[in-house]
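From first to last, the protein sequence lines stand for chains A and B.
For the first sequence, our numbering puts the final residue at 442, and the numbers step up evenly by one.
For the second sequence, our numbering puts the final residue at 442, and the numbers step up evenly by one.
Worth flagging that the hints you see were computed from the coordinates, not collected in a lab.
Any given hint might turn out to be false.
Copies of the same chain are indistinguishable here, so a pair counts whether it falls within one copy or spans any two.
Within a straight-line C-alpha distance of at most 16 Å, the following computed EDC-like cross-link-like pairs (lysine to aspartate or glutamate) qualify [said to hold, decoys possible]: (1) K191 <-> D419; (2) K381 <-> E47; (3) K381 <-> D272; (4) K267 <-> D435; (5) K267 <-> D82; (6) K381 <-> E155; (7) K381 <-> E393; (8) K322 <-> D88; (9) K381 <-> D211; (10) K381 <-> E59; (11) K322 <-> D306; (12) K267 <-> E124; (13) K322 <-> D72; (14) K322 <-> E398; (15) K322 <-> E155; (16) K191 <-> D82; (17) K322 <-> D86.
Protein chains: 2
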Amino acid sequence: MCVAPVGVAYRFSMDPLRFEEARAIVSERTRETIGQLPAESVPLDAAAGRILARDICADRDYPPFNRSARDGFAVIASDVANVPATLELVGETRAGEPSRFALEPGKTVEIMTGAPGPENADAVVMVEYSQRDGSSVTLTGSVSAGRNLIMAGSEATQGQCVLKAGTRIGYPSVAQLGTVGCADVPVYRQPSAAILSTGDEVLPIGARPQSYQIRNSNAHSLAAQVRRRGGVPRILPVAKDTLEDTRQRIEEGLSSDILLLSGGVSMGKHDLVEEVLADLGTELFFTSVRIQPGKPLVFGRCRDTLVFGLPGNPLSTMVTFEVFASIAVDLAGGAPSSPLRFQQAPLAEAFRHKPVLTRFLGARLEGEFGETRVRADRGQGSGDVTAFARADCLMVASDRRAEWAAGDLISVMPL
Amino acid sequence: MCVAPVGVAYRFSMDPLRFEEARAIVSERTRETIGQLPAESVPLDAAAGRILARDICADRDYPPFNRSARDGFAVIASDVANVPATLELVGETRAGEPSRFALEPGKTVEIMTGAPGPENADAVVMVEYSQRDGSSVTLTGSVSAGRNLIMAGSEATQGQCVLKAGTRIGYPSVAQLGTVGCADVPVYRQPSAAILSTGDEVLPIGARPQSYQIRNSNAHSLAAQVRRRGGVPRILPVAKDTLEDTRQRIEEGLSSDILLLSGGVSMGKHDLVEEVLADLGTELFFTSVRIQPGKPLVFGRCRDTLVFGLPGNPLSTMVTFEVFASIAVDLAGGAPSSPLRFQQAPLAEAFRHKPVLTRFLGARLEGEFGETRVRADRGQGSGDVTAFARADCLMVASDRRAEWAAGDLISVMPL
């Protein structure tokens with residue numbers, strides 16, 4: 028790890044890291060920077076996407092009773108070892124009723140899906156395998172013990188932790204929270220991320236730019252990315268290319284948990300961000316990563332705010348957020364880790380690159396089901412928003428491999 | 028396709044479909060049911076996740092000028108065919124300034140990333156390959172024409188459609204919208220989805236259930252799923268197991284674009300949903316699909332509302348929404364299609380099943396980068412919310428294959 032001494036004049040000129048190394052540094056430094064996270068409570072219907080702030084325990088056994096998984100007949104399994112078997116029908120239990128029966132050998136109770144099984148029953152024969160005749164039922168399907176009857180406590184026992192603090196709440200977690208009656212969900216406060224674009228050429232999106240000016244699209248795509256990760260974005264006014272304005276805006280951003288700078292981190296002499304960060308005593312952890320797009324990527328810490336200097340090209344900004352800065356949003360939001368999961372998809376056509384950088388390319392998935400193929404769309408490079416807006420995933424070409432044939436598997440990340 | 032005649036007494040007993048067939052029917056029937064979709068306008072920062080209601084065109088050429096992709100020196104490429112080459116430095120252009128120069132052979136202009144190139148320049152040599160000496164610069168890197176200089180209009184020309192109506196707005200689309208100055212984004216109105224759980228055993232999540240009762244977790248997980256797809260969920264009070272209450276609640280649900288019923292679609296005699304749907308003249312398109320969980324799945328149409336009868340087991344409810352009902356939310360929301368993209372991941376351990384159904388299993392991804400492995404977590408079956416809440420993807424076992432060895436690729440869908 029390469030840490031520039033605080034207060035020493037430095038250029039953004041450390042050796043570039045491999046992207047896995049850079050990710051590890053972001054994780055480590057974020058962990059040591061964030062303190063105790065405050066929690067709050069939100070209604071269950073607002074909890075999706077948030078991160079649980081404490082362990083959630085089962086309020087009772089699950090299932091709370093021996094639950095029938097089918098409509099059918101509750102039996103002692105040994106009674107139907109040989110079928111057809113005719114049993115005496117002693118009653119019926121619907122879902123939403125307590126069980127009023129204790130089964131004896133040779134007897135059965137009609138039972139509905141979700142209903143509690145009678146005492147002594149250890150299986151349910153599906154209604155499809157039954158013929159009823161008055162008070163007797165002939166069962167034509169044999170079942171082993173436990174079949175179609177989920178025993179009380181087999182999914183979770185009372186007091187057992189069913190969701191851990193740090194879980195990102197997806198719809199399956201919502202189901203679990205609802206099941207145990209958690210109507211108000213304890214979640215961590217969302218981390219704040221200030222977003223600062225820099226440069227005289229950058230105008231607000233509502234403005235009409237001169238031919239040599241561009242709009243501040245990066246701030247809005249970053250805000251969408253922050254929001255998607257569960258953070259709260261705060262878009263600052265664009266910093267002009269003066270020391271004073273750059274310094275003032277960066278200081279404003281330091282009141283957030285995370286400061287995302289877009290632009291101003293390459294080697295040009297008009298890049299003032301570096302100078303201001305140095306002046307403010309920013310501790311730099313790395314300044315370059317061997318990826319494309321996004322090589323000149325700066326990560327540091329200033330007054331307990333994690334600072335990312337993202338390159339200003341739109342694709343570089345978006346990709347470096349997804350691959351690096353997202354880790355800080357996740358961890359500062361209470362997630363215990365922020366792994367980057369690659370799935371694999373076969374290439375629609377051959378791909379080659381110079382294996383000195385890990386490359387992230389906008390790409391499209393084509394076809395459905397098991398026939399999905401991935402096709403890269405390089406467009407005109409890392410400024411080509413139009414090409415990237417057609418993408419539905421990132422294709423990842425490892426720095427350890429040069430060539431892929433059509434049909435070879437390659438890594439993809441959903442957008 | 029099997030359509031039961033309206034008004035004829037029917038049971039939910041059509042032949043089960045393969046899941047691809049069932050998906051095609053949901054797409055087709057949704058398309059013929061939804062009319063012209065109303066549009067509205069939202070601020071760019073609220074547009075992520077929404078679906079574009081009209082084509083978005085480039086307001087000018089992109090880039091609007093020949094844009095330098097690097098800090099360096101704008102050149103006529105033939106001047107640096109042999110390096111080192113010493114050129115006369117005639118000026119400097121920063122990003123945010125118009126270009127004031129026209130290059131002649133043997134001359135160069137210092138240029139910053141994002142700045143417009145001088146007239147006649149066709150490439151930029153990176154500053155890393157330069158040595159400056161007063162008014163001359165020696166360049167040590169040769170470049171071909173077009174290198175590091177993105178020509179005006181090469182990404183998009185003025186008036187060109189850069190985002191199509193029907194695009195789901197992700198962060199790359201936000202970047203595109205911001206780039207062309209679209210501060211207020213035309214999007215389709217979000218489709219509404221009523222959610223109705225049925226059964227005397229089902230209580231609101233805030234209630235304290237008796238041992239034989241359960242909480243209405245399905246309504247809340249479905250609401251999270253609807254919201255994630257861009258729909259607006261409306262949770263109805265649980266329908267009691269009487270014809271009157273079931274009918275009243277279902278009629279309430281018919282004021283929404285989509286009605287999601289959870290429970291009440293299996294063969295049990297206390298399932299009243301079927302009877303009420305028939306009474307209301309519901310046209311049924313299918314009643315069973317060869318998948319697990321979720322085989323008894325009903326899809327139909329009643330008074331222009333698309334009706335899904337999802338099985339009541341929590342996993343069945345969630346999976347059948349993701350695989351089938353989500354199509355209706357997507358298409359009714361204005362998406363032109365709703366493909367199911369499977370990626371592949373190698374199995375952490377061997378898997379086998381009886382290949383008569385397509386199986387969806389909660390599963391976990393392990394490891395990072397190219398080493399990601401998938402591991403199924405079957406738990407106690409389709410009622411086991413606790414096991415499913417640990418999952419971070421669905422593993423999909425095709426009905427056309429019985430066995431996979433550890434390390435074999437299998438299909439996965441992110442949750």
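Violations among the numbered hints: 2, 3, 4, 5, 6, 7, 8, 9, 10, 11, 13, 14, 17
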